[in-house]
Structures are given as structure tokens and as C-alpha cells.
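Undergrad: Sequence:
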Amino acid sequence: MEGDLEDCLLNKVDLRRQWISQMVEEVQKVVHHLTTEISYQDFRFQAIPYCDTYNENIKVLAPTQFLITVPMRGLAGYREARQQRWRFYSLKGTRLPCPLQDPEGLQQWLGVEQFLKSPGQWHEADVNIEGDIVPAKVLQVFRKLVENAIETCHLSDRVHILMDHLVVRVVVETSAGQVELQLTPAVDIPTSWSKKAQWPSCLKRWPSPETVQCIKSFGFSLLACSSYHWQLSFLRAEQVLLEQLDEDGGCRRKCFQALRQMKEDVWCPGTRPVITSYHLQEGPGSSRCRAQQWCSKARMLTHAAEGRAHIRASQPPSTASGDPERHCDGRLFQLRWSRSRL
Numbered sequence: 001m002e003g004d005l006e007d008c009l010l011n012k013v014d015l016r017r018q019w020i021s022q023m024v025e026e027v028q029k030v031v032h033h034l035t036t037e038i039s040y041q042d043f044r045f046q047a048i049p050y051c052d053t054y055n056e057n058i059k060v061l062a063p064t065q066f067l068i069t070v071p072m073r074g075l076a077g078y079r080e081a082r083q084q085r086w087r088f089y090s091l092k093g094t095r096l097p098c099p100l101q102d103p104e105g106l107q108q109w110l111g112v113e114q115f116l117k118s119p120g121q122w123h124e125a126d127v128n129i130e131g132d133i134v135p136a137k138v139l140q141v142f143r144k145l146v147e148n149a150i151e152t153c154h155l156s157d158r159v160h161i162l163m164d165h166l167v168v169r170v171v172v173e174t175s176a177g178q179v180e181l182q183l184t185p186a187v188d189i190p191t192s193w194s195k196k197a198q199w200p201s202c203l204k205r206w207p208s209p210e211t212v213q214c215i216k217s218f219g220f221s222l223l224a225c226s227s228y229h230w231q232l233s234f235l236r237a238e239q240v241l242l243e244q245l246d247e248d249g250g251c252r253r254k255c256f257q258a259l260r261q262m263k264e265d266v267w268c269p270g271t272r273p274v275i276t277s278y279h280l281q282e283g284p285g286s287s288r289c290r291a292q293q294w295c296s297k298a299r300m301l302t303h304a305a306e307g308r309a310h311i312r313a314s315q316p317p318s319t320a321s322g323d324p325e326r327h328c329d330g331r332l333f334q335l336r337w338s339r340s341r342l
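Just so you know, the UniProt record's numbering puts 34 at position 34 of the sequence shown, and the rest follows in order with no gaps.
Check before you lean on any hint, since a few could be wrong.
Said to hold, decoys possible - List of simulated lysine-lysine pairs, BS3-like, C-alpha gap at most 25 Å:
| id | residue 1 | residue 2 |
| --- | --- | --- |
| 1 | K92 | K137 |
| 2 | K216 | K29 |
| 3 | K196 | K216 |
| 4 | K92 | K144 |
| 5 | K117 | K195 |
| 6 | K254 | K12 |
| 7 | K216 | K204 |
| 8 | K59 | K12 |
| 9 | K59 | K196 |
| 10 | K216 | K195 |
| 11 | K117 | K254 |
| 12 | K29 | K59 |
| 13 | K59 | K117 |
| 14 | K117 | K196 |
| 15 | K117 | K137 |
The set of hints was computed from the structure by calculation and includes no laboratory data.
On a predicted model such as this, the values are computed, not experimentally measured, just so you know.
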């Protein structure tokens with residue numbers, strides 16, 4: 001029973017990996033063509049190269065939903081803002097009676113004076129208001145460039161832009177099906193770590209201080225995905241952390257893959273991502289994992305069987321032969337379950 005369940009899960013994980021690899025291969029070519037044309041039209045946006053191996057600009061959020069970060073060029077020598085000030089501007093150019101809301105959480109303003117090097121293109125009114133590089137205006141410029149690039153590259157039959165979004169989303173037709181891409185301009189801040197990112201928490205055994213220093217050396221990025229505030233992102237650091245997750249010989253990554261597969265098949269089917277690398281970062285340290293055997297194969301399979309039984313028992317009889325999970329609050333259950341077990 002346990003062997004059959006394990007084989008089933010791992011086979012599905014392998015099939016998922018092959019399926020996504022095929023889509024990534026085709027999406028990479030499309031993204032490379034589009035961003036090359038965009039970079040030719042506007043110096044401020046950098047082309048995404050085609051890679052035979054891992055491409056750090058492509059993040060798989062779900063099997064049919066990718067995040068594509070498009071690097072922005074010309075800004076160098078980042079430093080934290082020295083002083084705070086009120087902002088009364090609006091995207092339409094009018095002055096507001098009250099100041100704009102300050103950024104919350106992992107968000108921040110971004111001024112050109114925060115860079116030792118900022119070419120004149122970043123001071124132009126199409127992206128700049130009162131010294132701030134405004135994400136919504138960057139997205140307006142970028143959206144127009146994407147529309148032009150689709151036409152210029154003769155990709156209108158394969159790539160369709162979705163309109164009713166602040167962020168730039170396109171749908172790409174691949175041989176394996178449709179993939180939705182979120183194309184997000186990003187300012188890379190290498191070798192620096194934001195003061196807003198208080199990581200790791202105090203008194204944590206994992207990761208080690210040496211690992212923390214290594215992770216922080218990869219820096220962070222600022223993503224244009226809202227109107228006025230830039231979103232802090234740590235995709236590169238998260239990827240390195242994932243690669244080192246089982247350096248002590250554990251099987252946390254296999255557990256993560258199995259959980260993600262069950263989420264997509266059973267708990268919360270659909271395209272919206274639920275379990276992410278964030279939940280792995282919130283998990284206990286490696287020594288604690290070993291002590292309580294949370295990463296053992298038997299424990300993982302037991303939890304998998306319990307999870308399936310819990311969901312089946314909670315469904316009305318009328319849904320058992322159709323879509324048994326359509327009434328399940330999979331997101332709440334899965335977040336709680338993954339954090340407690342991992």
C-alpha cells in the first residue's frame with residue numbers, strides 16, 4: 001500500500017517535471033524573442049537570454065502560470081533611502097490633498113537618488129514623478145512595448161495580451177497547452193540585503209550563519225507590480241536555499257514535491273499557486289527534523305493517506321464520482337498542514 005502510494009506520487013512528480021520542462025522550453029524561446037525586440041526599442045529593458053539549463057528569470061508558480069522577471073538596465077549603486085518624505089502626486093499628474101499611503105510589509109518607494117548611477121532615461125516623465133521611479137508608469141511603458149513586440153515578432157497567433165490587469169499578463173500557446181505569463185519589470189539589487197527583510201528569525205538553528213551569509217550575498221530584486229510601491233523579491237536567494245535544503249541528507253524537497261502534487265491533484269486543483277518556497281523557509285531546522293523524524297518516508301506517506309481520507313470524508317456523497325474537491329477549502333487546509341508537517 002505504502003509502496004504503491006509512493007510510486008504513484010513520484011511518478012506524477014516526474015511527469016509534472018517533464019511536462020513543465022517542455023513548456024518552459026517553448027516559453028523561453030517566445031520570451032527571448034519578445035524581450036530582445038523590447039530591448040531594441042527601449043534601452044531601459046534588458047533582453048532575457050535563452051538558456052539550456054536553469055533560467056533565473058523564469059519562475060514556475062503553477063503548471064500553467066509562470067512569472068517572468070524582465071531586468072531593468074542602467075540603474076547601479078543602490079543605497080537605502082536616507083530620509084522619508086510625503087508624496088502628494090498622482091498618476092494623472094494632479095496634486096493630491098492628502099499624501100499617498102506609505103508602503104507596508106515588503107514594499108518600498110524607489111527614487112533615482114538611491115542610485116549612484118541613473119542614466120537620463122530614468123529621469124524622463126514617462127516613468128518618473130518628482131524623482132520617484134513609479135511602477136505603474138513603468139508598466140504603462142512596458143505594456144506598450146510588449147504589444148509592439150508581439151506584432152513585430154509575428155507572434156500574434158501564439159501570444160495574446162490580457163488587458164484588464166495593472167500588471168502585464170500574456171497567454172502563450174504551446175504544444176502542451178496554454179501558459180499564462182506575468183511579465184514583470186525588475187530592478188536587480190545584487191550583493192545587498194534590504195533592511196526590511198528581517199531574515200532569519202532569531203534563535204533559529206537552521207540555516208547556519210554561514211548559509212545565511214551566502215544567501216544574503218545574492219541580494220534581492222524590486223518588482224513593478226503595483227501602482228506606487230515596489231515589491232521586494234528574493235527569488236534568487238530562495239532558489240539557492242532550496243538547493244541546499246537537503247544538504248544534511250534529508251528528504252525535505254521530495255516531501256515538498258509530493259505535497260505540491262497532491263495540492264494540484266486533490267486538495268485545491270486549479271492554476272493558482274498555494275504551496276511555495278516560503279513554506280519551506282518557515283519549516284523547522286534540520287536537526288529538529290531528524291530528531292522527530294518528520295522527513296521520514298513512512299511519516300510522509302501516513303500524512304498523505306490522512307490528507308486524502310480527510311478530504312474524502314468531508315465531501316457530500318453526490319460529489320464522490322465527479323469532482324470530489326470542488327467544495328474543499330484546500331488553501332486553508334493545505335497551508336496549515338504543510339507548515340505543521342514540514
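Undergrad: Against this structure, judge whether each hint is valid.
TA: Comparing the hints with the structure gives:
1. With a CA separation close to 10 Å, the supplied pair K92 and K137 stays within the 25 Å bound.
2. For the given pair, K216 sits about 31 Å from K29 by alpha-carbon distance, which is inconsistent with the 25 Å threshold.
3. With a C-alpha separation of about 13 Å, the suggested pairing of K196 with K216 holds against the 25 Å cut-off.
4. The straight-line distance between the Cα atoms of K92 and K144 is roughly 18 Å, inside the 25 Å bound, and the hint therefore holds.
5. In summary, the hint linking K117 to K195 is supported, as the alpha carbons are separated by about 21 Å, within the 25 Å threshold.
6. For the hint pairing K254 with K12, the CA-to-CA distance comes to about 12 Å; that is within 25 Å, so the pair holds.
7. Note on K216 and K204: the hinted pairing holds, with a Cα-Cα distance of about 16 Å set against a maximum of 25 Å.
8. Of the pairs offered as hints, the one joining K59 and K12 holds, with about 20 Å between alpha carbons and a cut-off of 25 Å not exceeded.
9. Proposed proximity of K59 and K196 is supported: the alpha carbons are some 23 Å apart, at most 25 Å.
10. Under the criterion of a C-alpha separation no larger than 25 Å, the hint pairing K216 with K195 is consistent with the structure, at around 11 Å.
11. A hinted pair counts as satisfied when its Cα atoms are at most 25 Å apart, and K117 with K254 does not qualify at roughly 44 Å.
12. Pair hint K29 plus K59 holds up; C-alpha atoms about 15 Å apart against a cutoff of 25 Å.
13. Our distance criterion of 25 Å between C-alpha atoms is broken by K59 and K117, whose separation comes to about 29 Å.
14. For the proposed pair K117 and K196, the alpha carbon gap of about 23 Å is at most 25 Å, so the pair holds.
15. For the given pair, K117 sits about 21 Å from K137 by alpha-carbon distance, which is consistent with the 25 Å threshold.
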